Amino acid sequence: MSAVLSTRGLAKRFGSLVVAQDLSLALPRGVRYALIGPNGAGKTTLINLMTGMLRPDAGSIFLGEDEITSLAPESRVKRGLARTFQINTLFPSLSALESVTLAVLEREGHAGTWWKSLPAYRDAAGEAHEILSSLGIAKDAYRLTRELAYGRQRLLEIALALATRPKVLLLDEPAAGVPKDESADLFEAISSLASELTVLFIEHDMNVVFRFASRIIVMVGGRILVEGSPGEIARDPEVRAVYLGKAAHG
Amino acid sequence: MHSAVTGPHAHLQAQVRWRRIEIAFWLCTLAPFVAAPAYLQLASQIAITALFALSLDLILGYAGIVSLGHAAFFGLGAYAAGLLSKHAWGEPLSGLLIASAVSAAVGYAMSFIIARFRHLALIMITLGLGLLLHEAANSASWLTGGADGLQGMKIRPLFETFRFDLYGRTAYTYSVVVLFLTFLAARRIIHSPFGLALRGIRENATRMPAIGAPSHAHLRKIYALSAAMAGVAGALLAQTTSTVSLEVLSFQRSADVLVILILGGAGRLYGGIVGAIIYMVARDQFSGISPQFWYFWIGLLLVVVVMFLPNGILGGLAKITARWQRKAP
Ligand SMILES: Nc1ncnc2c1ncn2[C@@H]1O[C@H](COP(=O)(O)OP(=O)(O)O)[C@@H](O)[C@H]1O
Ligand SMILES: [Mg+2]
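As you go down the protein sequences, you meet chains Z and B in turn.
Just so we're aligned, residue 832 is where the first sequence starts under the numbering used here, counting upward by one.
Just so we're aligned, residue 122 is where the second sequence starts under the numbering used here, counting upward by one.
Keep in mind that a hint or two might mislead.
Said to hold, decoys possible - Computed Cβ-Cβ distance ranges for the label pairs, DEER-style:
| no. | chain 1 | residue 1 | chain 2 | residue 2 | range |
| --- | --- | --- | --- | --- | --- |
| 1 | Z | I918 | B | W418 | 40 to 48 angstroms |
| 2 | B | L287 | Z | G940 | 20 to 28 angstroms |
| 3 | Z | R844 | B | A261 | 48 to 56 angstroms |
| 4 | B | C149 | Z | E1019 | 55 to 63 angstroms |
| 5 | Z | K970 | B | L151 | 42 to 50 angstroms |
| 6 | B | A326 | Z | E1019 | 50 to 58 angstroms |
| 7 | B | G273 | Z | S924 | 44 to 52 angstroms |
| 8 | B | G128 | Z | R860 | 31 to 39 angstroms |
| 9 | B | L253 | Z | R886 | 27 to 35 angstroms |
| 10 | Z | K970 | B | K440 | 21 to 29 angstroms |
| 11 | Z | D1012 | B | A326 | 29 to 37 angstroms |
Since the hints were made in silico from the structure, they are not lab data.
Quick caveat: nothing in here was measured; it's all calculated off a predicted structure.
Note that beta-carbon positions come from the ideal geometry of N, C-alpha and C, so glycine has one too.
Using the sequences and the hints given, assemble the complete structure.
Here it is in C-alpha cells:
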C-alpha cells in the first residue's frame, strides 16, 4: 500500500516527559483521519514532528517515498505537507486576501520578487479570493485579519494551508473555541475539500469525529493506542475504557 | 470607511496608489530653494539623514529587525566613497553606486548572522558589529585618517558640470534627487510580493514556514538592500561635504537614526523622512541657544512621543485622520 504520509518509530521527550513513543502511521491518499485522545496525549506534538516544527529524538518521516525527517518546515510545505494551528497563528494586520495571496505567492516562488508591483499578480490574488470563497469567507476578504470574527479566523487558518496546495493537510483542532452550531459548518467545509486530499484532524467532539472521519487514531500518553474505522474504534474495549468512557458523555 | 473595492485586484491596487498628500510632500522638497536658500546645506543634511532613516525603516518597520548598529553601513558607504575619490576617481554617481555595493556586500555577509536572531539578541549583535567596525576604522588610521578624519577627497562636479558650491545648491539638489529615487525603490519593495512577505514575517514569524516561506532568505535579502541604501546615504554625506570623519560609524549615529525613525513612525515609509526633518531642524535651532541641552530635549521629546504616540508622529496623525473621516458623513 502506498501511503502519502508515513512515520516510523517517532519518539520525542521533553526532559523526562515522554510525549511521543514509537509512533508509526501510514496515511493513504484521500482518507479523512481523526486524531483523538485526551489533553496532553501528544496530538499537537505529533503534528509538530510531522511538519518539522519539532525534531524527533528517533524515528523517521516519509512523504510518499521520500524521507523528509531532516527537511526544514518550509521545504515540507513545498512538497505538499500543510498544517493549521490549534491557537490562531495568523497575520493580524494583513487583510484576509493579502494573507492568502502571500501563501499563493510563496508557493509559486514569487515572494522574493521585490522589483514588481504586487497588484501585477492578478492570478495569485484571484486564486486567493477563490480559496476564501470556497470556504465561505469571501465577504471578509478585504477586512483585516484581526477584525474578523473568531470563527472566520479559524477558516482563514485553513485557507492559508490550502493556498499551499497540499497533498496532506493536518488540522490541529480546527473547531477549537468555535460554538457547536458553527463547528458543524466548519466541518462541512472540511469534508467538501478535494477528495484526493488526505486530511488528518484533531477533534474532541465525538459526534463530529464519527460523522466526518473515515479512520480514527487514538493517542494516549504519547502512544498510539489503536487505529481503525469508526466502527472498530466504537467497539474497542480499551478505547472505551481509557477514553470514550469519559469523553463520550459530552 | 466605505471603500469602492470591487475585486481582489482592486483591493491590492488601492494600497499601492499614490496619495495626493504624497505628491504634495515631494513638491514641498523643492521649497528650500526659494524659501530658505541660506539653509540648503542643512536641507541636504536632512535629506541624507532621511535616506538613512528610510533604510532603517525597511528592516525595522517592515521586517522587525531591531538594529543599534545601522551606522556601520552608513559609515562603510561614506568611507568607500571617500577613499574612491581620494585614490581612484572623483566622479560622484559611480562613486555612489560603488559605495552602495560595498555596503550591500558587507550587509549580506552579516545578514547570515542577523537572520538567526530576534529581539534582544539582535540589538546586542548589531550593537557589537557597529562598535567593531568603528574601532577597526579608528585603528586603521593609515587608511581612514583615524580620529582626524579622511582628508584629501577630490569630488568631480556632478555630470562634469555642477560643482558642489558653498551654498549647497548642488548638494541639496543631488541629495534630494537621490533620496527621491531611493524612496521610489523602497516604495516599490514595500508594495511588491517580497514586501508582503516581509510584513508576513513582522506579523507572525511562526506562521511563515507553515506557508512554505523561507523567512531567513527574505531577511537576508532585505538586510542587504537596507545596507545598500544606508551606504548610499553615507556616500552622499562624504561627497557633499568632501570629508569623512569617524563619527559616520559612531554609536551616536546609530542611536540618532533609531530615535528619528521612532519619532516619525516606523513601518510607514515616510516616518524616517518626517522624523529627520523635525529632529534636524530642532537640533539646528537648539544648538544656537544651548547646545549642551540638546539631548535633554530630545530625551524629553522621545519619552513624550513614545508615551502618547506609540506609533510615532505619523502613527498619531493616521489615527486622527481616521477618526475624523469616520465622523465626516
Ligand atoms: N515545548 C514543550 N516543552 C515541554 N513540554 C511540552 C512542550 N510541548 C508540549 N509539551 C507537553 O507535552 C505533552 C503533550 O502536549 P501536546 O502534544 O500539546 O498534547 P495534545 O495536543 O494532545 O493536547 C503535554 O504534557 C505538554 O505539556
Ligand atoms: Mg493540542
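Failing hints, ascending?
-> 2 and 6
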